[in-house]
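For chain A, the structure is supplied; the task is to place chains B, C and D on it using the hints.
Number of protein chains: 4
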Amino acid sequence: MTDLSAVKAALTSQRIETPSWAYGNSGTRFKVFAQPGVPRDPYEKLDDAAQVHAVTGVAPVVALHIPWDRVDDYAALAAHAADRGLELGAVNSNVFQDDDYKLGSVCHPDPAVRRKALDHLLECVDIMDATGSHDLKLWFADGTNYPGQDDVTGRQDRLAEALSAVYERLGDGQRMLLEYKLFEPSFYTTDVPDWGTAYAHCLRLGPKAQVVVDTGHHAPGTNIEFIVAMLLREGKLGGFDFNSRFYADDDLMVGAADPFQLFRIMHEVVKNGGLARETGVAFMLDQCHNIEAKIPAIVRSVMNVQEATAKALLVDIPALAAAQRTGDVLEANAVLMDAYNTDVRPLLAGVREDMGLAPDPMAAYRATGWAERIVADRVGGEQAGWGA
Amino acid sequence: MTDLSAVKAALTSQRIETPSWAYGNSGTRFKVFAQPGVPRDPYEKLDDAAQVHAVTGVAPVVALHIPWDRVDDYAALAAHAADRGLELGAVNSNVFQDDDYKLGSVCHPDPAVRRKALDHLLECVDIMDATGSHDLKLWFADGTNYPGQDDVTGRQDRLAEALSAVYERLGDGQRMLLEYKLFEPSFYTTDVPDWGTAYAHCLRLGPKAQVVVDTGHHAPGTNIEFIVAMLLREGKLGGFDFNSRFYADDDLMVGAADPFQLFRIMHEVVKNGGLARETGVAFMLDQCHNIEAKIPAIVRSVMNVQEATAKALLVDIPALAAAQRTGDVLEANAVLMDAYNTDVRPLLAGVREDMGLAPDPMAAYRATGWAERIVADRVGGEQAGWGA
Amino acid sequence: MTDLSAVKAALTSQRIETPSWAYGNSGTRFKVFAQPGVPRDPYEKLDDAAQVHAVTGVAPVVALHIPWDRVDDYAALAAHAADRGLELGAVNSNVFQDDDYKLGSVCHPDPAVRRKALDHLLECVDIMDATGSHDLKLWFADGTNYPGQDDVTGRQDRLAEALSAVYERLGDGQRMLLEYKLFEPSFYTTDVPDWGTAYAHCLRLGPKAQVVVDTGHHAPGTNIEFIVAMLLREGKLGGFDFNSRFYADDDLMVGAADPFQLFRIMHEVVKNGGLARETGVAFMLDQCHNIEAKIPAIVRSVMNVQEATAKALLVDIPALAAAQRTGDVLEANAVLMDAYNTDVRPLLAGVREDMGLAPDPMAAYRATGWAERIVADRVGGEQAGWGA
Amino acid sequence: MTDLSAVKAALTSQRIETPSWAYGNSGTRFKVFAQPGVPRDPYEKLDDAAQVHAVTGVAPVVALHIPWDRVDDYAALAAHAADRGLELGAVNSNVFQDDDYKLGSVCHPDPAVRRKALDHLLECVDIMDATGSHDLKLWFADGTNYPGQDDVTGRQDRLAEALSAVYERLGDGQRMLLEYKLFEPSFYTTDVPDWGTAYAHCLRLGPKAQVVVDTGHHAPGTNIEFIVAMLLREGKLGGFDFNSRFYADDDLMVGAADPFQLFRIMHEVVKNGGLARETGVAFMLDQCHNIEAKIPAIVRSVMNVQEATAKALLVDIPALAAAQRTGDVLEANAVLMDAYNTDVRPLLAGVREDMGLAPDPMAAYRATGWAERIVADRVGGEQAGWGA
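Those sequence lines, one after another, are chains A, B, C and D. Per this note's numbering, the first sequence starts with residue 275, numbered consecutively. Per this note's numbering, the second sequence starts with residue 275, numbered consecutively. Per this note's numbering, the third sequence starts with residue 275, numbered consecutively. Per this note's numbering, the fourth sequence starts with residue 275, numbered consecutively.
Source of the hints: derived by calculation from the structure; they are not laboratory data. One should not assume that every hint holds.
In this list, chains with the same sequence are indistinguishable; a pair is considered to hold if it fits within one copy or across any two.
List time: in silico DMTMM-like cross-link candidates among lysine to aspartate or glutamate, alpha-carbon distance up to 25 Å [unchecked claim]:
1) Lys-545 <-> Asp-602
2) Lys-482 <-> Glu-442
3) Lys-376 <-> Glu-646
4) Lys-305 <-> Glu-605
5) Lys-305 <-> Asp-602
6) Lys-305 <-> Asp-384
7) Lys-390 <-> Asp-372
Owing to the predicted nature of the structure, the values given are computational and were not obtained by experimental measurement.
So that you can see chain A by itself, here it is in the shape it has in the complex:
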């Protein structure tokens, strides 16, 4: 029933953005386990990202994190990317790792700290101008740990003020993507804890402000695909930070914890037109590979997104709509599950071969010898990590 060539075309043109920080070391508060061969600077991160794109064909964009990816010459960094068939994606701000930010950044009670944080956000837009990035991704660790610690609505006022100042600074073709997160590192209130808060701010700011859905940042039991559908309906879905979790902000590989949920999310994306390039929905990974090899983990994650997308594209929408219209609960569910239960790996292998790639990206990566090469080459210097 489904038009297979359209499915293949959609899969071929999908673009998945990988985050520079996922190539570096990460860990939990208990321990960061260093891995041999990890990049030592933003250039080496791009080298690794190029490997992921080379074997998957759908990961040409790399998100930056400032200051972790600060360089003297952003044009040179962009050229380094372009030489490897990559482009620089969203610029992610970081207003949580200076000592000044202990009690917040743009929501801090002290105006001097707020000013410093705002300056950093504006600097990020400068960097976007230099790199040609379209998206500014904002996540704020701001919040409080104890009841009474600060004024909930006062902090919202400060947040609104900072967002407004940044919004005014955005150029043509630039967007602000506002991420929400239930908790961590704040444990009582978080200043942008849910999609409602992010949506309310973005609505007031205007069309260049949109919401980012990080699939790991919700309360237990939250129906994430519902939120995705709502934001698409309102024209406010800016993109995803993909990862997966069993408990809290586990940051595991996307699709690892609940592949059916990922499929349901992609089903809402596909059904509501979110896969079309012009809607601007960014499909970004935001993961930490604490114990698994980093590049292969990212290859696997890209594949997991592809598989969920392929299944979502296979849903027989007319049959689904017909069953829904007649209230046939079991049949409607069966139509959806039929797509989910399909093994799409052969289909994706074919898509890759059509793109001139090896059918199995994991094997293709292993065959390159890159893993061994970086272990041998990248000695000395300081490994990149969350703070580097």
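Same frame as chain A, now just chains B, C and D:
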């Protein structure tokens, strides 16, 4: 530091709305345990509500539920209330107990069912005209149980259409209060599952549409007082459905499961001006007394709201603001906890005596003999319950 | 790598037990939606169960619920089952629907109520003697709604006393299966809330007492397959009550909410030998079909268990163990996911054809015309429901 | 009704154990905010702990963490403690911060890593011999991040083997306290995730093995006081790691997030005899003070435990039991709430004055000038933190 006479004035003028259905039988899906003396019609429910008001002095409003409280002559019902010092409060619609509503009401795929549901909502506004009620409270059991069962955004379109039709019908001084609920009775999607969805609809509808926060209807870990503060900041908090819970929609007595949370909620209400009559925030109970005696449980619940309010009023706001401004985490928390740790029962006993009431409402109710009287009198007929 | 004939043999010999109550009406506390053609007595429930077995070939056992399935002549009921190729399975006790049980059954503060509850449990063993059932399944709604309501350890003492009395009454070849449940209908404490409590009681009772894992009865985030593995390791897994859920005790079709979780559970069962008939692990459904057609929902559920089992049987255990031994996180995960991502529907169609059945049970059931026949025939009388 | 002198005696003799690591820096995976004046070695941690004991009178015991508190001469460390009126408490093992432990410690697939971990545990017992500590507290970060990563039951076998080896090494009067934790840093399985698992191991090991309840380490909705009551009933409650949380392992000050829960826990402790010194229940703090001043936070935490204990001691047990016996739900709840709603701060001020202490420990600490002194004195060297 706090102005005690202002505190007492606020406590004296507080109005807590009790729900007619809490006087009748209720239960879980496993069993409804009937209690002797339970009302058999709306008039007897008002008689019981009058007892609650008589001993607490702050519960003069009674919410109705249609069709459970359908009567031939609403003017007569309003007069029955007035004779007892009561007034009729929010009219609660019910579009979930007819067989037609198996797959939804205003979001149902079948337009005939949607029309029937809408007609009921419009009838509720007619009843408001007759009773003089100001508020239409809308809760929809609409949703789906299985992925694929129906179209998420299609259902939102149908919802928006129905809400708009009802909104148009509202008269001067009438409001629509839209309640959200995470889940139950729907188990996959709920059409109004969170405050963001309710807010988005109310914003589009206009100033007469506001959000109701039912304290039991959130995912685990949700910071409810944050939502309360957000809605007050946006001018969209219509009121509360108070109850408490340890797990899901337990519908226990407000303040029974987490009295500190109730205090934090009331702190946000007080701090953000929500206690003032003119803001229109309605303080309603929405509880089920499955195993405990109904009238005393409601008296206790009213007292629990009063105690949380009293503690919130005792917060030393200038001291709190000073500690917040200087980033003194422990001191700010201590200022808040100092109010919470205060035993406000003597203060409330004094407030009651100033109002000419007995200091202990529970003892006062016991002394009336009403409990024994209704057991003796209310024999025959059919007891009121969730379906009656 | 996997021995396909062994896989097929395992799938052919699997036995899934369906619950008599799932053929009758059910609902939430808000509404029970009646369906046409629903059975009116235990005999008609068996007739429906026979349809499920006829098209799946692996559902020959039907669990009873007393008093809902009380009949004058249990031998006649067993014969009715045998005539249809069925046998009677676990006897489920019910000590939660009498008015006496408002505050508990075997844990009730009043010894007279405890005695009544114990007598019912002993009657259930009498019925087992009459039906030839091997398993007594015990679930207690016992618990409290409010802190302080009753004494936590006192209730454990009463529970232990009742369980001991029932254990003593068990005959040769009879078992007691103790189910745990986090909450509902009790909202503060539940007397058997978790596997630890059930395990502690069963350990003390002896080898005939084992734990039942209801897949819907856990706190958010609980790793159910871990519990399954632990209980198998301790020799204390008596069986499953299968269903699925997104939130609380949704009682949806098994595999509908999280098919990957069901696969992980079956993987632990297979890996730890739990599929072997002699371990005695019972694979029971315990579901409510509130809005979907009941018999097809049960057919689908049986198929979902089969598919998860098939995938679990396809896991390449030697390859998995090798990757685990060397600490290859991604490869070990990949081995498991390879089995999960396989489309096992063709394999199962083949298994069915080998058994002389149609490859598609859903289509086969539709073709029987049974759905139409029961609607036409079962008029008059009272439909079976949770209370009937 | 309650015997106030007995209450005071119990409060006077209470002993709360503070953890050495709570005096040092800590943070989240995003950032550790350093504080001026933080200790630079175990001796300075004891100096700070002495300040806490000096103003509260009930915190004479300090738990150690090895290797964070490794010194050349443990007798000298014990003498340093004794000079300050302190004694050394539980020795906490650490088998999660070496690179070898990336995939686990005693459950690691590699026997060499397991051996190394076991050697560390045995070294901890050696240290107990040297310090005179009675308790070995074991927490294992062991677990897996991805389904399939390792064998669940195989890991249990390895765990059992290591625990058994340590148990054999324990001397007279020494105990092993086994802590469980739902998740973090492992995100799929944790090898000791719940009380059931810890209990099963301790039961098999023998009477010297007991379970530690960390109040922050449970799934949402878990009734912790129920677990406490169960473990006391089984004689297996070794002690508490107190802290509080709104979401996951927040490690906030005990009583800060849900003071009513802390009261309910202490009510079960008091009611079931757990406050008596001879039961051996250890009342330990295990907190991180990421943004608040460390010593005052610990003083406040000790006070919070005292206040919850005082309220629990005030519960009118005969009145409670009478209401429970007659099934008076509201009255039983009211008896409990009456104690909770009491302001016990004056009572505790009196207890302190009877002990020769200032009535307000927070003010007393401020008056010492210790905070300013350590900021001035502790310059140079490396601050203590989670890794130091």
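So, going through the hints one by one against the coordinates:
1. Within a single copy, Lys-545 and Asp-602 get their C-alpha atoms as close as 19 Å, which meets the 25 Å cut-off; across copies the closest is 38 Å, which misses it.
2. Taking CA atoms no more than 25 Å apart as the test, Lys-482 paired with Glu-442 passes inside one copy only; the shortest distance there is 10 Å, against 32 Å between copies.
3. For the homomeric pair Lys-376 and Glu-646, the shortest alpha-carbon distance between copies (20 Å) is at most 25 Å, but the shortest distance inside one copy (40 Å) is not.
4. For a Cα distance limit of 25 Å, the shortest separation of Lys-305 from Glu-605 across copies, 23 Å, qualifies, whereas the shortest one inside one copy, 49 Å, does not.
5. Only between protomers do Lys-305 and Asp-602 lie at most 25 Å apart by alpha-carbon distance; the minimum there is 20 Å, versus 51 Å within a single protomer.
6. In this assembly of identical chains, Lys-305 and Asp-384 lie within 25 Å of each other by CA distance solely across copies; the values are 20 Å between and 32 Å within a copy.
7. Within a single copy, Lys-390 and Asp-372 get their C-alpha atoms as close as 10 Å, which meets the 25 Å cut-off; across copies the closest is 37 Å, which misses it.
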